[in-house]
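With these hints in hand, go ahead and build the complete structure from the sequences.
Take -9 as the starting number for the sequence shown in the working numbering and just add one per residue.
Please note that the accuracy of each hint is not assured.
Simulated restraints, written as ranges between beta carbons of each label pair [to be verified]:
id	residue 1	residue 2	range
1	LYS22	SER(-4)	13 to 23 Å
2	ASP52	ALA109	10 to 20 Å
3	PHE69	GLU37	16 to 26 Å
As a list, the in silico DMTMM-like pairs of lysine to aspartate or glutamate whose alpha-carbon atoms are at most 20 Å apart [said to hold, decoys possible]:
id	residue 1	residue 2
4	LYS72	GLU15
5	LYS24	ASP12
6	LYS108	ASP50
7	LYS22	GLU39
8	LYS40	GLU63
9	LYS114	GLU15
10	LYS40	GLU80
11	LYS24	GLU39
12	LYS24	GLU37
If you are wondering where the hints come from, they were derived from the structure by calculation, not from laboratory data. These figures come from a predicted structure and were not determined experimentally. Think of the CB as a built atom: it goes at the ideal place given N, C-alpha and C, for glycine as much as any other residue.
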Amino acid sequence: MQNLNSEILEEKFETFLSCVDDYVENLQLRAKRKGIYLDVSLDSLCELEKYIVQNDVSVDSDEYNDCAAYLGEVVRKEFQGKWICNLDKEDNSLYYGFPVIQGHAPNNVLFSPFHVVKAFVLRKKENLFITAIKSQIYPATIDWSKFSVEDQESHS
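Rendered as structure tokens:
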């Protein structure tokens, strides 16, 4: 993604955005045939994890794309976010060129469903989707008073 110019990335993003509903619907149909019901709710994310495990979804498959679109749609709908194409190379280079959700959480953080689904595919950690979402929606405050000034400076 880093090597593509912003015009090409925007074009790819617009194509993705116009197909999101199809990706979600296709995933729902495939899952339903296997007895898994995905209703685009937070509660359905455990079912999405189950689907990924049972079907051995890989990051090289179309199903990976569909699962990421589904996860993004859950976050967008549940927390009033919106899809954007991240073109910020300086502050958000990890997500550069990816469709991400913005406006769903305090501090204007971005949620990258593609990265979160990839983490789940690689680690199969139960409740990863909910944990990732909650960490952005309800961020933990760090109590820096427990650290000395020297400790803080050594980590800068």
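(Q) Could you work out which of the previously given hints the structure breaks and list their numbers from low to high? (A) 1, 9 and 10
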